[in-house]
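Q: Turn these sequences into a full structure, and let the hints steer you where they fit.
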Amino acid sequence: MDPIIQTTKLTKIYHPGKNSEVRALEDVDLIVPGAGLTVIYGPSGSGKSTLLALLGTLERPTSGEILLKGVPLSRYSDAGLSRLRRTTMGFIFQSFQLIPRLSAWENVAFPLIPLGISLTERRNRALRLLEEMGVADRKDHRPEELSGGEQQRVATARALVQDPEIIIADEPTSNIDAEAVDQLLAIFSRFIKRGKTVITASHDPLIREKAHHLFYLQKGRLVSP
Amino acid sequence: MILNALSITVVVVDLLTVVLLGWSGAKALRHYFRLRPNPAPHERLQVEDQSTLLFSLTVTVLIIRLFNWPFFYFTLASFIPQINGAMCLFGVTQVQGSLTLFEELIKPFGFFLIGGWLILHRLDRATDTGPLLKPKLLFLAFLSMVVLAEGIGELILFLSLSPTFPVSCCTTVTDILSRPTSTLPQSLLGPAYKTLLEILYFSLQGTLIALCLYTARAIKGQPPAGRKRLLLPGMVLLSLFNAVTFLLVYIESFAPRFMDLPFHHCLYCLWQIVPGSILLFLFFILGTMAPGWAWMVDLLGREGEAEALTPRYLKALLLFSAGSLAASLGLTLFLLLK
Chain A
1 MDPIIQTTKL
11 TKIYHPGKNS
21 EVRALEDVDL
31 IVPGAGLTVI
41 YGPSGSGKST
51 LLALLGTLER
61 PTSGEILLKG
71 VPLSRYSDAG
81 LSRLRRTTMG
91 FIFQSFQLIP
101 RLSAWENVAF
111 PLIPLGISLT
121 ERRNRALRLL
131 EEMGVADRKD
141 HRPEELSGGE
151 QQRVATARAL
161 VQDPEIIIAD
171 EPTSNIDAEA
181 VDQLLAIFSR
191 FIKRGKTVIT
201 ASHDPLIREK
211 AHHLFYLQKG
221 RLVSP
Chain H
226 MILNALSITV
236 VVVDLLTVVL
246 LGWSGAKALR
256 HYFRLRPNPA
266 PHERLQVEDQ
276 STLLFSLTVT
286 VLIIRLFNWP
296 FFYFTLASFI
306 PQINGAMCLF
316 GVTQVQGSLT
326 LFEELIKPFG
336 FFLIGGWLIL
346 HRLDRATDTG
356 PLLKPKLLFL
366 AFLSMVVLAE
376 GIGELILFLS
386 LSPTFPVSCC
396 TTVTDILSRP
406 TSTLPQSLLG
416 PAYKTLLEIL
426 YFSLQGTLIA
436 LCLYTARAIK
446 GQPPAGRKRL
456 LLPGMVLLSL
466 FNAVTFLLVY
476 IESFAPRFMD
486 LPFHHCLYCL
496 WQIVPGSILL
506 FLFFILGTMA
516 PGWAWMVDLL
526 GREGEAEALT
536 PRYLKALLLF
546 SAGSLAASLG
556 LTLFLLLK
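Chains as they are written, first to last, in this note's numbering: chain A, 1 to 225; chain H, 226 to 563.
Please keep in mind that the hints were generated in silico from the structure rather than gathered at the bench. Treat the hints loosely; a few may be bogus.
[Claimed, not checked] Just some of the chain A residues that point at chain H, by a computed CB distance under 7 Å:
| no. | residue |
| --- | --- |
| 1 | R75 |
| 2 | Y76 |
| 3 | S77 |
| 4 | D78 |
| 5 | A79 |
| 6 | G80 |
Note that the Cβ used here is the ideal one computed from N, Cα and C, for glycine as well.
A: Following this line, the structure appears as structure tokens:
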């Protein structure tokens, strides 16, 4: 059986200026065999966020290949990748990236709009997840009216709303307290029990302890810790 | 130039679209030659990054240009009171006769190409791998040239139209005995040509609708193959013949009856006196072009992953064609029986 995600010689080079280049990732060979919590850790600037952006198809590699269940992602067009993200992946960002003008439930329901799901169904699914996350009483509040932990739970609910195969979470615990970290890990654990995958970049030792697969990045390369 | 809100809008839109389409046409051609059959990820990334903007911009400009065709006639109609001797659109078309004729001929062609490209683009976006990127780029380069010619021509036309130019009324051309729309069918069909034209028109409409429905039904998850593949080009040829018949029967028979002016054959006057006929013409144009778009999808859309989606598109286009032609036919019958 093909691993859920595999990368071969994955390289990403940025060109911030005309004659300058930043080699954010170099020849990364990584295998995420299947369901579970995969944690990528390493010092700041080691390329963790770049790797997550590539695995989440938000960016394309300069060279190398990413295989999702054995299918090379380089074959996909931009529109194809968008569709793949919409149906297969959920994202949790470091600073949550909730839409300020929308209420908590509208933020959660937002990824369902391009899937053509009716408003009633969108609202029902969002409220069910907010209930599961323990923030149902904050459903009509805007992000600025929520605490860091509440925003985190709304962002997690948004990542789960279309029942994705994979959750990509970039430093999901950096802006929340220890109690909220425990809650997030419990949510991840329930998600993984359903045969799903969480890939996260994190410095948090609590998250690393729970990892099924652990990768250490240094200066854009995967190395032994 | 005759200044009014419509003419200023047309000129501004033309200026913008000419610049933008010139840019997108050149970019499309550049990308086409840069893109190798199996590009490296970074090569594809470069082309895709730029073609995302290119296609978003192009789709917007092309949709505006689709509406430009009817808008062209609305703008010309707004000049009627200013042109000395003009009583309908015909008079306005005489001020810059050859340039207006060029615009009237190239606009339907541009409309057809734009519609075809937008359908191909939609088909390509519906796939995961975007196999139509290269054909789309080449098609866009060609389409841009056609629409550029149309836009530049329209700019020159509107900027050079002068209200001081005296013109004649349409009756001096459309109502004379030796008008080509009468002499040509008369020489082919004889003195009863009007009745025969009507029979031909109704038969052709019925045949085309039936053919569209039959072909749409015959497509069962697979694009037409073997002899059935000839149905689409056959329908395109029949549609072209149908378009000529439609114009002749309208000029010679239906227009005078709809206007209650038995000796008047001007289509421009028909649009003015019976505005409902504009809708009828619109349905006819869409119904006539749709088999052409279907053929285009069949020819260019059989690439990689897109091939599996073409039957659905062909079916939808043929049903759309049948529906539009039926609507046009229904409106014709309604106006005849009224």
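Q: Next, verify each hint and record whether it holds.
A: Evaluated hints:
With 7 Å as the threshold, the beta carbon of A:R75 comes within range of chain H, its nearest partner Cβ sitting at about 5 Å, so the hint holds. Satisfaction of the interface hint for A:Y76 is found here, the shortest Cβ-Cβ separation to chain H being roughly 5 Å, below the 7 Å cut-off. Here the hint on A:S77 is kept, as its CB sits about 3 Å from the closest CB of chain H, short of 7 Å. Residue-level restraint check for A:D78 holds (minimum Cβ-Cβ distance to chain H is 5 Å; threshold 7 Å).
Below 7 Å, beta-carbon pairs count as interface contacts, and A:A79 has one with chain H at about 4 Å; its hint therefore holds. Checking A:G80 against chain H by beta carbon gives a least distance of about 3 Å; that is within 7 Å, so the hint holds.
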